Amino acid sequence: MASGPEEPYRLLGGRIPYVEGPLKVTGRAEYTDDIQRPGQLVGRLLRSPWAHARLRAIDTRAARALPGVLAVLTGERYPVPFGVLPITHDETALAVGKTRYQGDIVAAVAAVDELTAERALALIKVDVEPLEEYPDPQTGLGKVAEPIHARGLAGTNVQKEVVQQFGDVDAAFARAAHTVRVRGTFSGVTHAFTEPLVTVAEATPDGRLTVWSATQVPHYLHRTLSEVLGLPMHRIRVIKPEVGGGFGGKSDPLPHEIVCAALALETGRPVKMLLDREDVFLTNHGRHPTQNDLRVATDAEGKILAYDLSAVIDGGAWSSFGTVTTYYNGVLAMGPYRVPNFRYRGRRVYTTKPPSGAMRAHGGTNVRYTVEVALDRLAEEIGIDPFELRSRNALPPHSTTVNEFRITSTSFVACLDAARAKSGWDGKFRQLPYGRGVGLGCGFYISGSNSPIHFTPKMPQSTVHLKVDMDGGIAVHSMQADIGQGSNTLLAAIVAEVLGVDLERVHVQRVDSDVSPVDLGSYSSRVTFMMGNAARSAALDLRAKLLEGASRLLGLPAEELRVAHERVERAADPSRGVSFLEAVHAAMEETGALSASGSFQTKPLGGKFKGARAGTAPAYSFAAYVAEVEVDTDTGEYRVPKVWAAFDCGRPLNRLAVEGQIEGSVHMGLGQVLGESMNYRGSRLLNPSLLEYKIPTPQQMPEVEILLVGEDDPAGPFGAKEAGEGPLIAILPAVANALHDAIGCRFTELPITPDRVLRALDQRTKEGRRWKGN
Amino acid sequence: MRSTAERSLLDCLRIELGLTGTKYGCGEGDCGACSVLVDGQVVRSCQVRARELRGRSVVTIEGLARDGLTAIQQAFLEAGSFQCGFCTPGMVVGATALLARTRRPSDDEIRAALDGHLCRCCGYGRILTAVRRAADLLEQGRGSGP
Ligand code: FES
Ligand code: FES
Numbered sequence: 001m002a003s004g005p006e007e008p009y010r011l012l013g014g015r016i017p018y019v020e021g022p023l024k025v026t027g028r029a030e031y032t033d034d035i036q037r038p039g040q041l042v043g044r045l046l047r048s049p050w051a052h053a054r055l056r057a058i059d060t061r062a063a064r065a066l067p068g069v070l071a072v073l074t075g076e077r078y079p080v081p082f083g084v085l086p087i088t089h090d091e092t093a094l095a096v097g098k099t100r101y102q103g104d105i106v107a108a109v110a111a112v113d114e115l116t117a118e119r120a121l122a123l124i125k126v127d128v129e130p131l132e133e134y135p136d137p138q139t140g141l142g143k144v145a146e147p148i149h150a151r152g153l154a155g156t157n158v159q160k161e162v163v164q165q166f167g168d169v170d171a172a173f174a175r176a177a178h179t180v181r182v183r184g185t186f187s188g189v190t191h192a193f194t195e196p197l198v199t200v201a202e203a204t205p206d207g208r209l210t211v212w213s214a215t216q217v218p219h220y221l222h223r224t225l226s227e228v229l230g231l232p233m234h235r236i237r238v239i240k241p242e243v244g245g246g247f248g249g250k251s252d253p254l255p256h257e258i259v260c261a262a263l264a265l266e267t268g269r270p271v272k273m274l275l276d277r278e279d280v281f282l283t284n285h286g287r288h289p290t291q292n293d294l295r296v297a298t299d300a301e302g303k304i305l306a307y308d309l310s311a312v313i314d315g316g317a318w319s320s321f322g323t324v325t326t327y328y329n330g331v332l333a334m335g336p337y338r339v340p341n342f343r344y345r346g347r348r349v350y351t352t353k354p355p356s357g358a359m360r361a362h363g364g365t366n367v368r369y370t371v372e373v374a375l376d377r378l379a380e381e382i383g384i385d386p387f388e389l390r391s392r393n394a395l396p397p398h399s400t401t402v403n404e405f406r407i408t409s410t411s412f413v414a415c416l417d418a419a420r421a422k423s424g425w426d427g428k429f430r431q432l433p434y435g436r437g438v439g440l441g442c443g444f445y446i447s448g449s450n451s452p453i454h455f456t457p458k459m460p461q462s463t464v465h466l467k468v469d470m471d472g473g474i475a476v477h478s479m480q481a482d483i484g485q486g487s488n489t490l491l492a493a494i495v496a497e498v499l500g501v502d503l504e505r506v507h508v509q510r511v512d513s514d515v516s517p518v519d520l521g522s523y524s525s526r527v528t529f530m531m532g533n534a535a536r537s538a539a540l541d542l543r544a545k546l547l548e549g550a551s552r553l554l555g556l557p558a559e560e561l562r563v564a565h566e567r568v569e570r571a572a573d574p575s576r577g578v579s580f581l582e583a584v585h586a587a588m589e590e591t592g593a594l595s596a597s598g599s600f601q602t603k604p605l606g607g608k609f610k611g612a613r614a615g616t617a618p619a620y621s622f623a624a625y626v627a628e629v630e631v632d633t634d635t636g637e638y639r640v641p642k643v644w645a646a647f648d649c650g651r652p653l654n655r656l657a658v659e660g661q662i663e664g665s666v667h668m669g670l671g672q673v674l675g676e677s678m679n680y681r682g683s684r685l686l687n688p689s690l691l692e693y694k695i696p697t698p699q700q701m702p703e704v705e706i707l708l709v710g711e712d713d714p715a716g717p718f719g720a721k722e723a724g725e726g727p728l729i730a731i732l733p734a735v736a737n738a739l740h741d742a743i744g745c746r747f748t749e750l751p752i753t754p755d756r757v758l759r760a761l762d763q764r765t766k767e768g769r770r771w772k773g774n
Numbered sequence: 001m002r003s004t005a006e007r008s009l010l011d012c013l014r015i016e017l018g019l020t021g022t023k024y025g026c027g028e029g030d031c032g033a034c035s036v037l038v039d040g041q042v043v044r045s046c047q048v049r050a051r052e053l054r055g056r057s058v059v060t061i062e063g064l065a066r067d068g069l070t071a072i073q074q075a076f077l078e079a080g081s082f083q084c085g086f087c088t089p090g091m092v093v094g095a096t097a098l099l100a101r102t103r104r105p106s107d108d109e110i111r112a113a114l115d116g117h118l119c120r121c122c123g124y125g126r127i128l129t130a131v132r133r134a135a136d137l138l139e140q141g142r143g144s145g146p
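Residue numbers (my numbering), protein chains in the order written: chain E, 1 to 774; chain W, 1 to 146.
These are calculated hints, taken from the structure and not from any lab test. Predicted model, so just to flag it, every value in this text is computed and none were measured. Take every hint as true, because none was put in to throw you off.
Which bits of chain E does chain W cover? Going by a derived footprint, with three or more residues having C-beta under 8 Å, they are:
no.: 1; stretch: 10-19
no.: 2; stretch: 29-40
no.: 3; stretch: 192-198
no.: 4; stretch: 272-286
no.: 5; stretch: 684-695
Across the chosen pairs, the derived CB separations fall in these ranges:
no.: 6; chain 1: W; residue 1: Asp136; chain 2: E; residue 2: Leu66; range: 56 to 62 Å
no.: 7; chain 1: E; residue 1: Glu559; chain 2: W; residue 2: Arg66; range: 51 to 57 Å
no.: 8; chain 1: E; residue 1: Glu590; chain 2: W; residue 2: Glu16; range: 50 to 56 Å
no.: 9; chain 1: E; residue 1: Arg37; chain 2: W; residue 2: Ala112; range: 38 to 44 Å
no.: 10; chain 1: E; residue 1: Glu118; chain 2: W; residue 2: Arg66; range: 37 to 43 Å
no.: 11; chain 1: E; residue 1: Val163; chain 2: W; residue 2: Glu16; range: 55 to 61 Å
no.: 12; chain 1: W; residue 1: Glu16; chain 2: E; residue 2: Arg15; range: 39 to 45 Å
no.: 13; chain 1: W; residue 1: Ala112; chain 2: E; residue 2: Leu66; range: 44 to 50 Å
no.: 14; chain 1: W; residue 1: Arg66; chain 2: E; residue 2: Leu503; range: 24 to 30 Å
no.: 15; chain 1: W; residue 1: Gln41; chain 2: E; residue 2: Glu705; range: 33 to 39 Å
no.: 16; chain 1: W; residue 1: Asp136; chain 2: E; residue 2: Glu114; range: 42 to 48 Å
no.: 17; chain 1: W; residue 1: Gln41; chain 2: E; residue 2: Leu23; range: 22 to 28 Å
no.: 18; chain 1: W; residue 1: Ala112; chain 2: E; residue 2: Glu118; range: 33 to 39 Å
From the three backbone atoms N, C-alpha and C, an ideal C-beta is built for every residue, glycine too.
With the hints as constraints, model all of the structure from the sequences given.
Printed below as a string of structure tokens:
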């Protein structure tokens, strides 16, 4: 295949403002809620006030009789179970037989306006038999009277159990010079994207259904709609307008999307289903509340000998991504260090609470916190610097972990060096006055899940189509789903780079299943790597056609030609050349509009054991962060004035976007430390609003110094790896370890609220431990 | 405004007038996505009824840019002060009001003005950068502005 453009790249590696930016800053970008179809109805949901109840009867007669109501739905109408993973289809669009959490959808209405829809909901009578609630996953580990799902393991509420062992963990502990044990407790947190969940659906007389939705994985939505509604996929058209943030929360096919489409089918009219903020919180699919327990063994020099890890994960009412989550909470402990012996037992338990799912740095965040706090303790116990402990254990490039992850590029040691030098660590650690401290946290993450969720039919993970007509504009079609991360911009920039043209020639088309080739969408930080490779290959294909056309015009062999800025020219004599448009027109003579296609498929990776594919990726990102904290020891409040974020995303292709991902990740990760928490009383969510669920404010945001130190990845497009999720992980333990440096207290429970800080200080005083002279 | 509607100003703008640049993020006054200017002051349009504003002047994001982008919009674009862009109209409106009353806001003033405008994507740092840069542009007489 033709090689790519030569370095230095014209666009890639620079700071490229978002191609749709002018629309976003003027309010002209179109999101799903901005769509208004003629005759559009309002869809509304009746949610269960019971956490766990058998549905005896639902009387919808009065609601149906209300003028202005066009449809009322209950679960029996569309009972086909679904779920994002094909192996755990345990959700239904509306509750069938019983409700499993406060917020489960019991009925739905389509009406001419909001008021009528609300009135109709109030007229629906639901007769239930309340069942025992199981808000606590610990209860569900054993046999329960009324399992939440029939598919729970042997009469319990356990949805998934993973048991893995590599090497000989017991022998490693027996010969260890040092061991520590850390038990972490994590509240659930949620995505809190600013755009609420929303779907518009329209069934038309030609027998087709069009669905616009705020989704990050249009393809899985498309499949699910087909399965549940019983329509072939080619009669359904899924369109993804601009999406106002997702962070994993818009990656499952969600019940309201299916209900909205069902109401459109029932009424023959367009229907909009806009969820209010409380409904968004109840839909959740956020990070799992988790308890984990880690023992680490090292030799006398601090070389890691073994991890012995277990986790109990609170899944809420449905499976969602839970089977993957259960594996990830173990296997994502495997980098960025060499761990020669590893044992893991993870159990994900259904509870009668809003479902947990995938949230940014899915499955890698909580376990990483526990690992990094444990390593900080070990460094202290052994008496070596935390940086030294990490670099002694760093996985080298081109190595294999004990559970057979293939590591190719890693600049982890460079991350450590940069974070240490730039933060002035050696002059600060244990030397700042009492109440102030610095801490180190590290991480790694998958750059795209190597295994697609669906295996049949076999197809590439990503495909990109290009079309150029005589106007010289390049239309790009792809189902990668830009939800704000800047993938449309990257797609345009890659195409423009390879073809040598200005960015404004390239028009990335909205995701529309009628014209966009399948791409598995925005999850698992796969887009840059996979779509990027597909786009590069499509553009190279198109470039070959242009060179052929130019070769005829110039009377020179195509191999002697190259693209330059808006031009094709002879490499050895640039004065001989034609413009881009002339080359396009020459290439079109035989065929009309030029088109080209490129795709990316992953090759099988991983071992032969059960679950071996979980966590395999074509590449991994690496991070080392230092956080500085200042604690007010009277109030327990603390600030994080500065973070040094050293990150290895290979070659950053759009620095503006990569830096934005890192700053946004610091914000989100910091939220989980400072105070974000889904609070429950029993099964009831207590804080379903943006007032009570507090994300960090501008005042709480630290200055973030970003240090991009990665080397080119051998398989990434132009050397790039992911930067969407990995940047979140390291900030959490960095802050916790900095708090320890500041006040001598360890925190193993998140969030670290001021009252927890005060309690920890009291405890330290009680134990008579002094810290930095206090 | 001439509306007599009982509904919120936000619904009136989005549904009746088709001015969808102003966003519904929470409907509870917590996110700032629905911010508009009423007689130059930032107002959460989800929290006021349209009829309460009879006879007052309402400027939405659609009304800010006359020819080309304003200095604030330009600065947001160049600094990468948004990702998903859903908070952006409200942020731009908030920043416009701030620069109209304070030509050279300090970082603390910018933070205070933007507190209550939630952004989940970019961590605020670049929004501060953009507001500072816009203040520079305006001071140098470059770019149209509040
Ligand atoms: S929509 Fe008005 S403040 Fe959120
Ligand atoms: S850019 Fe997405 S919420 Fe601010």
